[in-house]
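Trainee: Here is how the chains run, residue by residue.
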Amino acid sequence: MLTAFLVFFPLAAALLLHFAKGGAARALALGASLLEFAVALYAAGYYYASGRLGNPASGFDLNLNWIPSAGINFHLGVDGLSLCLILLTTALVPIILATAFRHEEYENPGAFYALVLFMQTGLLGVFTALDAFVFYFFWEVALIPIYFLAGAWSRHERRIQITFKFFLYTIIGSLFMLAGFVYLYLQTGPAAGSLAAHSSDLQAFYSLKLSASEQSWLFWLVFAAFAVKMPIFPFHTWQPDTYTESPAPATMLLSGIMLKMGIYGCLRWLLPVVPLGVSQWQQLVEVLAIIGIIYGAIIAIRQDDMKRLIAYSSLSHVGLMIAGVFSLKAIGLQGTVVQMLAHGVNVVGMFLVADAIERRTGTRSLAELGGLTRRTPLLSVCFLVMLLSTVALPLTGGFVGEFLLLAGVYEFNAWAGAIAGLTIIFSAVYLLRMYQRAMLGPDSAYSETITDLSGAELAMFAPLVVLVFWLGLFPGTFLHLAEPVTQSILTAVGR
Amino acid sequence: MLPIVLLSAFGIVNLFLGFLRSNRALLPFVLVVLALVFGLNLLDWNHAGSLPGLFDSPYVAQMLTVDNYSVAFSGIVLLTALVLLPFSRSYVAAGEPNLAEYYSLLLFSLVGAIMMVSYNHLIMLFVGIEILSISMYCLAGSDKRNVRSNEAALKYFLQGAFATGILLFGIALLYGATGTFQLNELAAGIAAPANASLQPMLYVGVLLMVIGIGFKISAAPFHFWTPDVYEGTPTFFTAFMSTVVKTAGFAAFLKLLAVALPGTSAVWRPTIVAMCVLTLLLGNVGAAVQSSAKRMLAYSSVSHAGYLLLGLVAGRGQLSGPAAQGIFFYSLAYSIATVAAFGVLKLVSEQRGREDYAGLAGLARTNPLLAFVMTVAMLSLGGIPLTGGFFGKFFIFAAVATQGYIWLVVFAVLMSMVGIYYYLRPVIAMYLRPAEPGTETPIVVDGFQSVTLVVLAVLTLVLGILPGFLSGLL
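Protein chains in written order, with my numbering: chain A, 1 to 495; chain B, 496 to 969.
The shape of chain A in the complex, shown without the other chains:
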């Protein structure tokens, strides 16, 4: 019941928003998302108390007949890994909504909030689905609202082409995944007979015995969707434009939560399902991931637009997470889990900073900014905290995540670990450069007129700052949750 509530409550709130206007719509949207977060916290507490870490806790299992004639069940469940991402999603959505409240210029704001909540349903569905077609269903449900959020509220003249490219890329990727799922689904149960004898349950997929050659191409079918979503080099070309030109809340959804769908998908639906395919392609994916790390970082150094810089930095950091996943080492997978959370918090914080500066000055260009820090002590501090966590300074969440990830990649291959380790140096270079150009340096036209964070904005940064330090100081909270799951994934892969 708790799972069903978590997944469908945002949708119900989104539908209700249709009847609310102005302030009431804001109150309803924010209230609903905070209630959702409270329920997620309660679920986490319940989960801890049940003491059944790792196993899908019985209180969370929802298994209904969905399409009896095809043997497909509406199966949702929560384990430690799901719970981490549920907490991330439910914590970030109120902040993302609050960012949208800052933008008075949005037309039809009620629809905007409703789409964000609708998207939350899709995301939570993805993170809790235990049936392949339910997973695919929510995967696409999450795409439709973000397409409209990114396109309809953008003011960029190329928005049509940019969002069109994004939509086509992601949907083509996911159609490949669907084809892979259909193949896997038809391998379950007896060869002939009606569809009802087949099953698309996660456990049925785990227990399939597939030949190495089958797994070899199935790997790419399923991985296509995840590779585009994350995105991994060379499937990333939609990403910088979409991140840069979307409205700030949409960018936060894309970078903070949606790309975790891809990594989560790899952990849950790829590694244990086609383990032989994974070990066959492991090295190639590692190479692509490391190329992505270096490529994203080098391009980020040259950027002038703050949002575009963060977009490339995100590309670089995602590369490291993928490298960690495919290292197939316990420490790498654990690092991925922490880094998913830390990256979500960091990148949302960074985009929040970029948005705060853009709303005040009307520009994101580093060439036009400078010397902002004198009038904005609070903004400078928040900016610095988010930045240092992204650079992976000890005590911050980014440090724990990247350290574990690098350890995992190093265990996989020392050279790979060494090259991937450059990410810390690179990110220090481009992020400190951004800070220096925007906040320090010679005064610009805005350095005298800019105003500091308001109370409401500070309230948006506060939870992010708390999370950064929480993840840095007590990563055990989440490591503990995820460990049994990552263990069982590795067992399934045969490591």
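In case anyone wonders, no lab produced these hints; they're calculated from the structure. Don't take each hint at face value.
Claimed, not checked - Which bits of chain A does chain B cover? Going by a derived footprint, with three or more residues having C-beta under 8 angstroms, they are:
{"no.": "1", "region": "68-78"}
{"no.": "2", "region": "179-190"}
{"no.": "3", "region": "397-406"}
Unchecked claim - Selected chain B positions facing chain A (Cβ under 8 angstroms, derived; list incomplete):
{"no.": "4", "residue": "A556"}
{"no.": "5", "residue": "M558"}
{"no.": "6", "residue": "A588"}
{"no.": "7", "residue": "L814"}
{"no.": "8", "residue": "G816"}
{"no.": "9", "residue": "I879"}
{"no.": "10", "residue": "L881"}
{"no.": "11", "residue": "F892"}
{"no.": "12", "residue": "A893"}
{"no.": "13", "residue": "V905"}
{"no.": "14", "residue": "V908"}
{"no.": "15", "residue": "Y916"}
{"no.": "16", "residue": "Y926"}
{"no.": "17", "residue": "G963"}
What the hints assert, rightly or not - Over 10 angstroms on every C-beta distance to chain B, these chain A residues come out as not near it, computed from the model:
{"no.": "18", "residue": "A12"}
{"no.": "19", "residue": "N63"}
{"no.": "20", "residue": "P109"}
{"no.": "21", "residue": "G151"}
{"no.": "22", "residue": "A152"}
{"no.": "23", "residue": "L195"}
{"no.": "24", "residue": "W220"}
{"no.": "25", "residue": "I331"}
{"no.": "26", "residue": "S444"}
{"no.": "27", "residue": "S447"}
Even glycine gets a Cβ: it sits at the ideal position worked out from N, Cα and C.
We have chain A; now place chain B onto it with these hints.
Mentor: Below, chain B alone, put in the same frame as chain A:
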């Protein structure tokens, strides 16, 4: 059986209502008739022939069958007509003098459609197709003063007459080879041929029938009439043509192949596979390059014929199971979404005077409801989850994949990627492009049409969220 009798009778009554000075009574009358017939049709579910004693149930003189298969597909065509009718209100408002005739022809064409889904005798198939087609020839030309409508009617009629001739020749050859018109006797005759020297005749007959029906359902390479006819025909009747005719045609086709001709699958299955590949390719590529939304929908209806042909490939000698289920679900989802799309397009093109994508620009701002319904319809036609179209494709693809045609499914998936490209274009126009100068005024939609559009959108979403209710019917 009762639906056929009532539709014919009320169709004639409706003609007499045309003598009334005002044509305001016509639309309510036809709606009531259709709702009544739709309900009566459903009564036959699971107990064939609801009036025992009157007919030798479940057959009618061994010529028509009333079973769950025919009830299900009759249900689709009746429902489609029912939800389509509200969009004919502009004819009422404009005082169209021939409205009674239009409605009567629609009712008669439904008789033909129901005969096509419930035939048990090839003559009934032929008569059904003709009743349906002749009504449609007239309706295609109903916009008498428009040259394009006249062109459409003439083209449709010539092509249709040609196809009918081929179909009839096929039926004659089949009869010559087996000595029967009954579906089950045909199957028996093919399984144990009385005279082996007649086999070539049988095979040619089967091929000719496949070609004849291929014309009617606009399968490539017999589809070339479709874009011109659909574009020239008044939008209201185009919607009817691309839903009812197609649904009835495919139900008849599946019945023919699965019940009467399983013994000749070595001949028809490769033919259907080839037609399917061609139809998917030409339909999708053709739709992708259009700039008129109506013409895009015409080509898209060709591409949907391709997906439905895919379902025929999976048909294996029975009217239940994955293939029939897939075709049923797909036809239903496709019909509902197509009616919604044409409904919105009709309102827009009437009031903005253009049928291209640019005519849809800015619709989200002026008419959020129309834009939303159109979006749902486009997502459904594109096969994106949350809508019925996704599960339609899913059931058909799964059914074909179980038969071992993996490469065909992969090809169909690739083609549906092309489909997403052109179905997104109206959505982009409505939500992301500003309105063209002179089209900023909202489109007038009366309450009845709004309710119908909402119902269509809700039905599409329900099919996409809870497909379990309908997927296991057959």
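Trainee: Now, for every hint given, state plainly whether the structure supports it.
Mentor: Evaluated hints:
no. : hint    : result
1   : 68-78   : holds (count 3)
2   : 179-190 : holds (count 5)
3   : 397-406 : violated (count 0)
4   : A556    : 34 angstroms, violated
5   : M558    : 31 angstroms, violated
6   : A588    : 30 angstroms, violated
7   : L814    : 14 angstroms, violated
8   : G816    : 6 angstroms, holds
9   : I879    : 6 angstroms, holds
10  : L881    : 6 angstroms, holds
11  : F892    : 6 angstroms, holds
12  : A893    : 6 angstroms, holds
13  : V905    : 6 angstroms, holds
14  : V908    : 5 angstroms, holds
15  : Y916    : 7 angstroms, holds
16  : Y926    : 5 angstroms, holds
17  : G963    : 5 angstroms, holds
18  : A12     : 14 angstroms, holds
19  : N63     : 14 angstroms, holds
20  : P109    : 14 angstroms, holds
21  : G151    : 5 angstroms, violated
22  : A152    : 5 angstroms, violated
23  : L195    : 6 angstroms, violated
24  : W220    : 13 angstroms, holds
25  : I331    : 36 angstroms, holds
26  : S444    : 34 angstroms, holds
27  : S447    : 37 angstroms, holds
Of the numbered hints given earlier, the model fails hints 3, 4, 5, 6, 7, 21, 22 and 23; all others are met.
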